[in-house]
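> Each chain is listed here by its residues.
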Amino acid sequence: MTALTAVRPSPSTIRQWWVLTVRVIAPTLRNGELLIAISLSGVFTASYYVPLKQVMGAFVHGSYAQYLMPVIALQTVYFAAMSAALRSATDKVDGINRRFRSMPIPVMTPLAARMSGNVCRCAIALATAILWGYVIGFRFYRGAEYTIGFCLLVLLIGITMSFVGDLIGMVSKDPEATTYILLLPLLILGVLSVGIQPAEQFPGWIQPFVRSQFNSQFVDALRALAGDATGSAAWPNWSVIGPALAWLVGVGVIAVPLYGFVLRRRR
Amino acid sequence: MTSVADEAARPGRVPLYDHARPLIDQTRAESSPRLLVLHTWVQTQRLLIRWGHDVQTVIQALILPSTFLVSINLVFGKPVSAVSGHSALYGSVPMAALVGAVFGSTASGICLMREREEGLLARFWVLPVHRASGLLSRLSAEVVRILASAVLVMCTGLVLGLRFEQGIPAALAWLAVPVTFGVAFSFLVTTLSLYLVNTMLAESMGIVVALLFFFSTGFVPLAQYPGWIQPVVEHQPMSYAVEAMRGLSLGGPVLWPMIETLLWSACIAVACVAPVVIGYRKASMR
Chain Y
0 MTALTAVRPS
10 PSTIRQWWVL
20 TVRVIAPTLR
30 NGELLIAISL
40 SGVFTASYYV
50 PLKQVMGAFV
60 HGSYAQYLMP
70 VIALQTVYFA
80 AMSAALRSAT
90 DKVDGINRRF
100 RSMPIPVMTP
110 LAARMSGNVC
120 RCAIALATAI
130 LWGYVIGFRF
140 YRGAEYTIGF
150 CLLVLLIGIT
160 MSFVGDLIGM
170 VSKDPEATTY
180 ILLLPLLILG
190 VLSVGIQPAE
200 QFPGWIQPFV
210 RSQFNSQFVD
220 ALRALAGDAT
230 GSAAWPNWSV
240 IGPALAWLVG
250 VGVIAVPLYG
260 FVLRRRR
Chain A
0 MTSVADEAAR
10 PGRVPLYDHA
20 RPLIDQTRAE
30 SSPRLLVLHT
40 WVQTQRLLIR
50 WGHDVQTVIQ
60 ALILPSTFLV
70 SINLVFGKPV
80 SAVSGHSALY
90 GSVPMAALVG
100 AVFGSTASGI
110 CLMREREEGL
120 LARFWVLPVH
130 RASGLLSRLS
140 AEVVRILASA
150 VLVMCTGLVL
160 GLRFEQGIPA
170 ALAWLAVPVT
180 FGVAFSFLVT
190 TLSLYLVNTM
200 LAESMGIVVA
210 LLFFFSTGFV
220 PLAQYPGWIQ
230 PVVEHQPMSY
240 AVEAMRGLSL
250 GGPVLWPMIE
260 TLLWSACIAV
270 ACVAPVVIGY
280 RKASMR
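Sequences listed follow chains Y and A, in order. If you're matching positions, the first sequence starts at 0 in numbering that gives the first Met the number 0 and goes up one per residue. If you're matching positions, the second sequence starts at 0 in numbering that gives the first Met the number 0 and goes up one per residue.
Chain Y extracted, bound-state conformation:
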């Protein structure tokens, strides 16, 4: 009889968030997902650096490792964003989101937990990228504050992209298909930027696009923050960092209301 009259439990939101965060992070350590992510980043670093060092070296000032590092960092956090999409799509398709909605959990808690997992994942991605960058010969040439700025910008990009990935996962019906929806544009936009070679190396008609697309703005900002041995890198003032931040704010302004809409529609 007590079951019927028992007081409704009021669980702590913080603890719920923590439990759900561990639920997101723990399996990546166990099922080898993290190991694949780290080796994938290494494969990409070697794949761009080894064949292209001589080909591109002629068009680039200073060391090619220094030139290439920002795009490697970006690709690595994009992979983290892809796994964010895969996770949120799997959660949705398996019905765990419905299950959570039937339980006394605030609407935002599962999202917050997934995003905490993504922040963790992006931080690991950043560390991996810097590690591989150091292996090929990348170094930070400006002061500590700019190095921190570099790391923060990469993290911010990763978190924004993971949020978009989570959103795409929420509306997709097929977790594997989601990965492909994201993989292709990210890879193609990654190479169609100033990350691998200067814009002048592209055919004339596509150069304006190459210069102004978001990857190039991110790469320019990161390159300025990392500096260069020859001093040819631009100084990181607001005219270099500004466009990158503007892109992030722009993506946020579109994605956040869209997410709110999706969450409300699915209730």
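Honestly, I wouldn't trust all of these hints.
Example chain A residues on the side facing chain Y (calculated, C-beta under 10 Å, incomplete) [unchecked claim]:
(1) Val74
(2) Gly76
(3) Ala106
(4) Ser215
(5) Gln223
(6) Pro225
None of these hints come from the bench; they were simulated from the model. Glycine is no exception: its CB is placed at the ideal position from the N, C-alpha and C atoms.
We have chain Y; now place chain A onto it with these hints.
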């Protein structure tokens, strides 16, 4: 519409008679060679129809390789042409056809996993269907898929400026290379899809394809690689396939790279035959 014919209900015979399809010979044993041909044909059609309805497979087989070619040509066309002395297309078009052939089979691998989980494979196992037709039809459907994607890549290449200087028979032989290579790799992908979990398949194939692509003579000429890795680049399967295809379009040595491509393909296929057959049997008897 099915009824059991008394005289046909002997062990080892197909006992079902389908009045809607009287042409099917119900007196033959399930394992007869003629039924193998028939069932392989039916299952090939089934797979092609199924893949045609799956957006991911269609994108991977038909749209992805050509998109890949166009973007590779945009990004690396100019610098690679400058170092190789001839148009980079003679390397990048074969690359796109081969990458499309290899990577496209991940979609069919995922399809196979889904059929295993849905219990479709087990269903075929208990029906009077020739048991070899499952795997054989997968191979023949792969041939059709790879051929379609290679023809599309070839047309894209022709639009971009690739020319077959060696004539039409060489162009047809050019198409045969990705088919051979892709079929050999589909043995590998099928093996992986029978033994790995879903998400690992695409990612591990992604790593394999990326390594094969970036460290091959189709990406940049051999001399551009550091000396210590040149032997690996020179002798890996994709480089041989690219060299054979380059010889068939631009001109140059064909025979030796072709032999090496066939050897590599045969080795990959032979190494995977036993695991594929055992894995497929296991997947069907779950």
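> Mind checking the CB of glutamine 223/A against every CB in chain Y and telling me if the closest is under 10 Å?
Because about 5 Å separates glutamine 223/A from the closest Cβ in chain Y, which is inside the 10 Å limit, the hint holds.
> Would the stated hint for valine 74/A survive a check requiring a Cβ distance to chain Y of less than 10 Å?
5 Å, holds
> For the restraint on serine 215/A, tell me whether the closest CB of chain Y is nearer than 10 Å.
Holds - the Cβ of serine 215/A comes within 10 Å of chain Y, reaching about 9 Å at its closest.
> With a cut-off of 10 Å on the beta carbons, see whether glycine 76/A makes it to chain Y.
Hint on glycine 76/A: holds, closest Cβ of chain Y at ~8 Å, below 10 Å.
> At a threshold of 10 Å, is the proposed contact between alanine 106/A and chain Y supported by beta-carbon distances?
9 Å, holds
> Tell me if the interface restraint on proline 225/A is satisfied: Cβ within less than 10 Å of some Cβ in chain Y.
OK, holds: proline 225/A within 10 Å of chain Y, min 7 Å.
Of the numbered hints stated above, none is contradicted by the structure.
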